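Trainee: Listed here are the chains, written in short residue letters.
2 protein chains.
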Amino acid sequence: MKRRVGILGGMGPQATVLLMQRLIDATPAQDDADHIPLIVDQNPQVPSRIRFLIEGTGEDPAPTLAAMARRLQMAGAEALAMPCNTAHHFADTIRAATPLPFLDMVAASVTAARTHAAGDTSIGILGSPALRRIGVFDRAFAGSGLSPLWPEDEAALLAAIRQIKAGLPRDEARATLHRASAELLGRGARVQLIACTEFSLIANPTVTGALPVDTLDLLVGLIRGFALSE
Amino acid sequence: MKRRVGILGGMGPQATVLLMQRLIDATPAQDDADHIPLIVDQNPQVPSRIRFLIEGTGEDPAPTLAAMARRLQMAGAEALAMPCNTAHHFADTIRAATPLPFLDMVAASVTAARTHAAGDTSIGILGSPALRRIGVFDRAFAGSGLSPLWPEDEAALLAAIRQIKAGLPRDEARATLHRASAELLGRGARVQLIACTEFSLIANPTVTGALPVDTLDLLVGLIRGFALSE
Numbered sequence: 008m009k010r011r012v013g014i015l016g017g018m019g020p021q022a023t024v025l026l027m028q029r030l031i032d033a034t035p036a037q038d039d040a041d042h043i044p045l046i047v048d049q050n051p052q053v054p055s056r057i058r059f060l061i062e063g064t065g066e067d068p069a070p071t072l073a074a075m076a077r078r079l080q081m082a083g084a085e086a087l088a089m090p091c092n093t094a095h096h097f098a099d100t101i102r103a104a105t106p107l108p109f110l111d112m113v114a115a116s117v118t119a120a121r122t123h124a125a126g127d128t129s130i131g132i133l134g135s136p137a138l139r140r141i142g143v144f145d146r147a148f149a150g151s152g153l154s155p156l157w158p159e160d161e162a163a164l165l166a167a168i169r170q171i172k173a174g175l176p177r178d179e180a181r182a183t184l185h186r187a188s189a190e191l192l193g194r195g196a197r198v199q200l201i202a203c204t205e206f207s208l209i210a211n212p213t214v215t216g217a218l219p220v221d222t223l224d225l226l227v228g229l230i231r232g233f234a235l236s237e
Numbered sequence: 008m009k010r011r012v013g014i015l016g017g018m019g020p021q022a023t024v025l026l027m028q029r030l031i032d033a034t035p036a037q038d039d040a041d042h043i044p045l046i047v048d049q050n051p052q053v054p055s056r057i058r059f060l061i062e063g064t065g066e067d068p069a070p071t072l073a074a075m076a077r078r079l080q081m082a083g084a085e086a087l088a089m090p091c092n093t094a095h096h097f098a099d100t101i102r103a104a105t106p107l108p109f110l111d112m113v114a115a116s117v118t119a120a121r122t123h124a125a126g127d128t129s130i131g132i133l134g135s136p137a138l139r140r141i142g143v144f145d146r147a148f149a150g151s152g153l154s155p156l157w158p159e160d161e162a163a164l165l166a167a168i169r170q171i172k173a174g175l176p177r178d179e180a181r182a183t184l185h186r187a188s189a190e191l192l193g194r195g196a197r198v199q200l201i202a203c204t205e206f207s208l209i210a211n212p213t214v215t216g217a218l219p220v221d222t223l224d225l226l227v228g229l230i231r232g233f234a235l236s237e
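Chains as they are written, first to last, in our numbering: chain U, 8 to 237; chain R, 8 to 237.
Don't read these hints as lab results, they were simulated from the structure.
Some hints here could point you the wrong way.
Any copy, or any two copies together, can satisfy a pair, since identical chains are not distinguished.
[As the list claims (entries may be wrong)] Computed cross-link-like contacts, SDA-like style, restricted to lysine to any residue with a CA-CA straight-line distance of at most 20 Å:
no., residue 1, residue 2
1, Lys172, Arg194
2, Lys172, Thr215
3, Lys172, Asp38
4, Lys172, Leu25
5, Lys9, Val214
6, Lys9, Ser55
7, Lys9, Glu85
8, Lys172, Gln52
9, Lys9, Thr215
10, Lys172, Ala40
11, Lys172, Ala103
No experiment lies behind these values; they were computed from the predicted model shown.
Bound-form chain U, shown alone:
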């Protein structure tokens, strides 16, 4: 019997659908029953993390996230996962809300970075400038011997995220990502975390010589590992 994972979703809704699609794609299946059971709270109305954390206005999302965790537990979830790096700022609130294990995408990113680092000391992060400012990755990497390195041109990255969200052709966004990837590689960050779901949608997001590690794929791995182990 496979164990059911609860998804704190909707941040944004497309990230949640992408996670579900990748779970299907990662599962060799002869029949429906081979796939992994989920209970998904697709809640696009979680108060804006950016507004609360960066702009200092708006409602605190923490109580909503705690309530979602409790509802997922009531609905049969045996572990929790959240396909949004920024919202991992509230991981402790989610952990405290239920006794369920929390499958931590940011912690998994640090583990993956250490695995691939091979003597490197800097890990590139291709994500939203908001993610940099809230310090989720800086705190997670503390004590790991690795430092997160962020691209200089924040405005270009933000513009690329907006272009992808708006459904525009992805060539321009990929060109922006490649410039950021080349910059990070030049500054010594060979391992590069894809830490933004919009960037997860871009094929070949990094330049030759860089090693891309998609945080969403790491979460897929955690969910599969939990669901398929007794």
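Mind docking chain R on chain U? Use the hints.
Mentor: Positioned in the frame of chain U, the structure of chain R alone reads:
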């Protein structure tokens, strides 16, 4: 405030993801909060409908579906929907399990067929032979003045479903669908329901002269209508 719809999902998991993706695509959004909240029970372990209904072996899926409906209600769902035509055989069980409204994809198909019929008396159905055998659409069309018409070559349709599920290139499956569509059109069925999620994945599933109506899109419409009305 948007009302939250509970999804009895996982039959198969890809159909559920496709429904969620189409809901996102159908929603003009400036921000996450513009999207529709869902609570999704992605349960690929619902006992096989085919095995129980057609082969006469295996576990009855009805108790599992009723339990899913109750769990979705506990998790905050205000209505229920199910992206699987075959499983609508159990619609009454689901209706009886909670006081929530059930957004009925098969009933919506009959309504859409009547709207588009314009004097036609036959409605073509491009779906699995199993769907034909359980009689879900025959019962739904009873008394409507319309008769469902099914393609003759059931083996070809089944093979096309298997090809799509296996991720094979879709040209061959589309060719099969076009032969079935041309046959239905020749027999007088201009309106053709796409009543199988595998076929919903095929662009341009019908021949010129036929009017395709995708049942999954009808469910998207029902969910949007419910979620956005007070």
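Trainee: Which earlier hints can't be squared with this structure?
Mentor: 1, 2, 5, 9, 11
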